[in-house]
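Asks: Since the structure of chain A is already known, use the hints to place chains B, C and D on it.
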Amino acid sequence: MPLTKEQIAQRIARELKDGYYVNLGIGIPTLVANYIPAGINVVLQSENGLLGMGPFPYEGEEDPDLINAGKQTITTVPGSAFFDSAMSFGMIRAGKVDLTVLGAMEVSEKGDIANWKIPGKMVKGMGGAMDLVASAKNIIVAMMHTNPKGESKLLPECLLPLTGVGCVKKIVSDLAVLDVTPGGFKLLERAPGVSTEEIRSKTAGKLVIEGDIPEMQF
Amino acid sequence: MPLTKEQIAQRIARELKDGYYVNLGIGIPTLVANYIPAGINVVLQSENGLLGMGPFPYEGEEDPDLINAGKQTITTVPGSAFFDSAMSFGMIRAGKVDLTVLGAMEVSEKGDIANWKIPGKMVKGMGGAMDLVASAKNIIVAMMHTNPKGESKLLPECLLPLTGVGCVKKIVSDLAVLDVTPGGFKLLERAPGVSTEEIRSKTAGKLVIEGDIPEMQF
Amino acid sequence: MNKVIANAEEAIKDISDGAVIMIGGFGLCGIPENCIAALVKKKVKGLTCISNNAGVDDFGIGLMLQNKQVKKMISSYVGENAEFERQLLSGELEVELIPQGTLATRCLAAGYGMPAIYTPAGVGTEVAQGKETRNFNGKDYLLEFAFEAGFAIVKAWKGDRDGNLIYHETARNFNPLMAMAGRITIAEVEELVPAGGLNPDSIHTPGIYVHHIFQGKGYQKRIEQRTVRKKV
Amino acid sequence: MNKVIANAEEAIKDISDGAVIMIGGFGLCGIPENCIAALVKKKVKGLTCISNNAGVDDFGIGLMLQNKQVKKMISSYVGENAEFERQLLSGELEVELIPQGTLATRCLAAGYGMPAIYTPAGVGTEVAQGKETRNFNGKDYLLEFAFEAGFAIVKAWKGDRDGNLIYHETARNFNPLMAMAGRITIAEVEELVPAGGLNPDSIHTPGIYVHHIFQGKGYQKRIEQRTVRKKV
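These protein sequences, in sequence, are chains A, B, C and D.
Heads up: the first sequence at position 69 corresponds to 69 in the working numbering, and the numbers run straight through without jumps.
Heads up: the second sequence at position 88 corresponds to 88 in the working numbering, and the numbers run straight through without jumps.
Heads up: the third sequence at position 136 corresponds to 136 in the working numbering, and the numbers run straight through without jumps.
Heads up: the fourth sequence at position 25 corresponds to 25 in the working numbering, and the numbers run straight through without jumps.
Okay, chain A solo, but in the shape it has when bound:
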């Protein structure tokens, strides 16, 4: 069974370490906040200018001055701090954010990522994605292994316009956990009930499989 979006988020949450500052992108990455393991303290950074993002507000308690980078109403936790957009990307560029989780349309076996533009379609812009991928110390991509047509999104080379070059370190897809290594996508874990053969058939880029590949446990 391929992972649900929630399970992808849940699996990524296991990568969090105590004391991490984390930037979560829009979509599946946002869900990671719901699965932070007990005993692990992380601080969420929102690139529009907040450290210490809390959960969504209760109904009626929305504050129009308090939103995340996805423009959703949010809350803060004690110890939060606001700052301007230059400082926000400054701390990202300086490597102070320990982990960035974001979605992708395509990832190449070299760690290139494409997630902002489809030629021929209305281009909405890269927002902060190019800054995040160029600067983050550690990037995990949360994505479906294939597109709706069933084509692999893990490719030898990205076909879409790039967001960043050689920056993705790890991918958690609905089928697998993979590291981006000099040798290609290295398979680390399989989704429960998903075979290495299925993963191989749905990975267009070079796939490295060494020894037995464990199944994820939920």
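Each hint should be verified, as a subset may be incorrect.
[Said to hold, decoys possible] In silico BS3-like links for lysine-lysine, alpha-carbon gap of 27 Å or less:
1. K131/D - K117/B
2. K121/A - K72/C
3. K13/C - K124/A
4. K68/D - K13/D
5. K96/B - K13/C
6. K71/D - K117/B
7. K131/C - K139/D
8. K158/C - K139/D
9. K231/D - K5/B
10. K139/C - K170/A
11. K121/B - K131/D
12. K45/D - K68/D
13. K158/D - K117/B
14. K42/D - K13/D
15. K131/C - K131/D
16. K137/B - K170/B
17. K186/B - K158/D
18. K5/A - K230/C
19. K43/C - K217/C
20. K17/A - K3/D
21. K72/D - K117/B
22. K3/C - K221/C
23. K124/B - K68/D
24. K137/A - K3/D
25. K71/D - K41/D
26. K96/A - K13/D
27. K149/A - K110/A
28. K124/B - K217/D
29. K158/C - K96/B
30. K5/A - K231/C
31. K217/D - K45/D
32. K121/B - K72/D
33. K221/D - K231/D
34. K170/A - K206/A
35. K131/C - K117/A
36. K41/C - K217/C
[As the list claims (entries may be wrong)] Here are a few chain C residues that sit away from chain B, every Cβ distance over 10 Å (derived from the structure):
37. E10
38. D17
39. K42
40. V44
Derived by calculation from the structure, the hints in this document are not laboratory data.
All residues carry an ideal CB built from backbone N, CA and C; glycine is no exception.
Replies: Just chains B, C and D now, with coordinates in the frame of chain A:
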């Protein structure tokens, strides 16, 4: 009679315009604050991180956290703002400070200034002087026309190591007010009772005298 | 130093056709609602707008787009706006997309008198086309230039007569950066306080960067993505 | 995220001989008195200190100089210190003088992940020797590189468990810049407040830049130039 230091400051104060942001250097420039003409509102910037510097504190009201760039205890005026050193020099570099007044050891007829280092003597450092002279929109130098040996400090070329190149716009010395022009030092005003001949004899750089030169009034 | 003016109409009176203006805000959060309304009313045209986003169809910069006042948008993200898309596809509107951190830092550079900055954002992508790339310590960076804008229009929470500004929560975003970057900076505030009414330690934009300030009115502060959780 | 440690001794325990350390403050205003005292006590040697000034003979970094712990000072102004002068003239101490704004901006660059910045300060002077000069819009600028420092030691007025810092008046100066620039940043504060005890809108240094924080004690806060006026 050559001007006193107070008169130099007083004469410079007449250059202030309503709405100016002004940075006053250590020494004579500091005295300018005592002669701000009535009806003229200026805001004093101190490059260690303050806009809206007020007078020295009353005895017993000194605050060790509140000093100017000369490390003197000061006060603030209503509407003041504190900021860090990067923003302080940022606003200077961006030309937001309308006028900088500072002292000099030498000025050249091209507007070069030397005021930080004497070879062979202990060098204390340039502090913010190089930033100020390189960035200020408008620089007035407050200085003695000659050094203690009677040698001119207004030279064809500076002999001392430079602080900045081609940046001085105006000089108010104890003998004269002069603009730095493409043609050299242009004499604008004489100190009361000081002749153009005396100024000429004490100005080593090229001096431009056109028509009658008025005496300063105090 | 009194920089207080009456209202938005007076604030924007020197903005004429073809002006380059920065407009603060992130989405609809922290946008100068009063000045945008005044610009719409004034029907000034051919504007180049530097703003992280382009509003929505019926609010923010979207109102200026509906009014066909914008020639060019310089932004990082311009979704959520059907009229924008129509004008873009028809060629009526020119768009330059810039990474968000680059947008912010190019404002900072202008406000700090730095002619250009280096950032890794966009290296190896189409954003790098025609730009100078330089390697420092083994990593490639793009040279990006400080913005030049005749006007910056920002929205703050509180301000005083001298133009000192304090922003609220994430409504800060690009506002202090653009406030520093405009040749003429206009600030509208929710609350104009008397001189000395702001804590000098807590000021985000020192008044030296601000030329005109007024207290805005009727703020809508619309929420784009109302997201809530249920009380359990 | 709890970054609170007991005291200055614990804060500096990883600073060893030959370290490069940034020390906040302007003159004696806003200097980390507790950490300097601990460094003196620890007798760690061969230090490179990046600090705007070098203290006075019997206080601030001057105490480390008396103790011969400093190999090199990187500063903008080093007057007011006889022992400093003696060591400099005898060749025991190396000094690199940097324009104050350049010093500040090289810290900012480090904290903002910018490898280098352009500034006009020092163009045409001996500061420009060996540096790259580049013309932008008709004006010359020097290329100056971001600082690299293993440690930054700063002094704030208030701080919280998460390392968020607020400075007081002109004791701010270089502190927030150096706080951003150190690989490891140590903050000593006059008052450590509980989590949530600081206004999130008023924080100067967000905690992400701070690794260790403690409440200092016995602050002397010496005044270098006591200047007063008489009551009339």
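Asks: Take the hints in turn and mark each one as holding or not.
Replies: These are the hints, each one checked on the structure:
Between K131/D and K117/B the CA atoms are separated by roughly 20 Å; this keeps the pair inside 27 Å, and the hint holds. For the proposed pair K121/A and K72/C, the alpha carbon gap of about 19 Å is at most 27 Å, so the pair holds. Straight-line distance between C-alpha atoms of K13/C and K124/A comes to about 32 Å, which puts the hinted pair past the 27 Å bound. At roughly 19 Å between alpha-carbon atoms, K68/D and K13/D fall within 27 Å of each other, so this suggested pair holds.
Taking the CA atoms of K96/B and K13/C, the gap is near 22 Å; set against the 27 Å cutoff, the hint holds. Distance restraint check for K71/D and K117/B: the Cα-Cα separation of roughly 23 Å lies within the 27 Å cut-off, and the hinted pair is therefore satisfied. Among the hinted pairs, K131/C with K139/D is consistent with the structure: their alpha-carbon atoms are about 20 Å apart, no more than 27 Å. The straight-line distance between the Cα atoms of K158/C and K139/D is roughly 37 Å, outside the 27 Å bound, and the hint therefore fails.
Restraint check for K231/D and K5/B: the C-alpha separation of about 24 Å stays at or below 27 Å, so the hint holds. At roughly 21 Å between alpha-carbon atoms, K139/C and K170/A fall within 27 Å of each other, so this suggested pair holds. This hinted pair checks out: K121/B and K131/D have alpha carbons roughly 25 Å apart, not beyond 27 Å. Using a Cα cut-off of 27 Å, the hinted pair K45/D and K68/D holds, with the two alpha carbons roughly 7 Å apart.
For the hint linking K158/D to K117/B, the alpha-carbon distance of about 39 Å lies beyond 27 Å, and the restraint is violated. For the hint linking K42/D to K13/D, the alpha-carbon distance of about 9 Å falls within 27 Å, and the restraint holds. Restraint check for K131/C and K131/D: the C-alpha separation of about 23 Å stays at or below 27 Å, so the hint holds. Distance restraint check for K137/B and K170/B: the Cα-Cα separation of roughly 12 Å lies within the 27 Å cut-off, and the hinted pair is therefore satisfied.
With a CA separation close to 53 Å, the supplied pair K186/B and K158/D exceeds the 27 Å bound. Distance hint between K5/A and K230/C is fulfilled; the C-alpha atoms sit about 21 Å from each other, no more than 27 Å. Annotation: proposed proximity of K43/C to K217/C holds, straight-line Cα distance about 20 Å (limit 27 Å). In summary, the hint linking K17/A to K3/D is supported, as the alpha carbons are separated by about 15 Å, within the 27 Å threshold.
For the hint pairing K72/D with K117/B, the CA-to-CA distance comes to about 20 Å; that is within 27 Å, so the pair holds. At roughly 25 Å between alpha-carbon atoms, K3/C and K221/C fall within 27 Å of each other, so this suggested pair holds. Distance hint between K124/B and K68/D is fulfilled; the C-alpha atoms sit about 19 Å from each other, no more than 27 Å. Using a Cα cut-off of 27 Å, the hinted pair K137/A and K3/D holds, with the two alpha carbons roughly 21 Å apart.
For the hint pairing K71/D with K41/D, the CA-to-CA distance comes to about 17 Å; that is within 27 Å, so the pair holds. At roughly 22 Å between alpha-carbon atoms, K96/A and K13/D fall within 27 Å of each other, so this suggested pair holds. Annotation: proposed proximity of K149/A to K110/A holds, straight-line Cα distance about 23 Å (limit 27 Å). The straight-line distance between the Cα atoms of K124/B and K217/D is roughly 31 Å, outside the 27 Å bound, and the hint therefore fails.
A threshold of 27 Å between alpha carbons decides the hint, and for K158/C with K96/B the separation of about 22 Å falls inside it, so the pair holds. Restraint check: the Cα-Cα separation between K5/A and K231/C comes to about 24 Å, which is no more than 27 Å; the hinted pair holds. Among the hinted pairs, K217/D with K45/D is consistent with the structure: their alpha-carbon atoms are about 24 Å apart, no more than 27 Å. Restraint check for K121/B and K72/D: satisfied, since their Cα atoms lie roughly 19 Å apart, inside the 27 Å limit.
For the given pair, K221/D sits about 25 Å from K231/D by alpha-carbon distance, which is consistent with the 27 Å threshold. Straight-line distance between C-alpha atoms of K170/A and K206/A comes to about 15 Å, which keeps the hinted pair within the 27 Å bound. A C-alpha spacing of about 20 Å is found between K131/C and K117/A, which places the hinted pair at or below 27 Å, so the restraint holds. Using a Cα cut-off of 27 Å, the hinted pair K41/C and K217/C holds, with the two alpha carbons roughly 16 Å apart.
Under the 10 Å C-beta cut-off, the non-interface status given to E10/C relative to chain B holds; the minimum distance is some 17 Å. With a cut of 10 Å on Cβ distances, D17/C stays outside the contact zone with chain B, its closest approach being about 26 Å. Interface exclusion of K42/C from chain B stands, the closest Cβ pair being 26 Å apart, more than 10 Å. Interface exclusion of V44/C from chain B stands, the closest Cβ pair being 26 Å apart, more than 10 Å.
Checked against the numbered hints listed earlier, the structure breaks hints 3, 8, 13, 17, 28; every other hint is satisfied.
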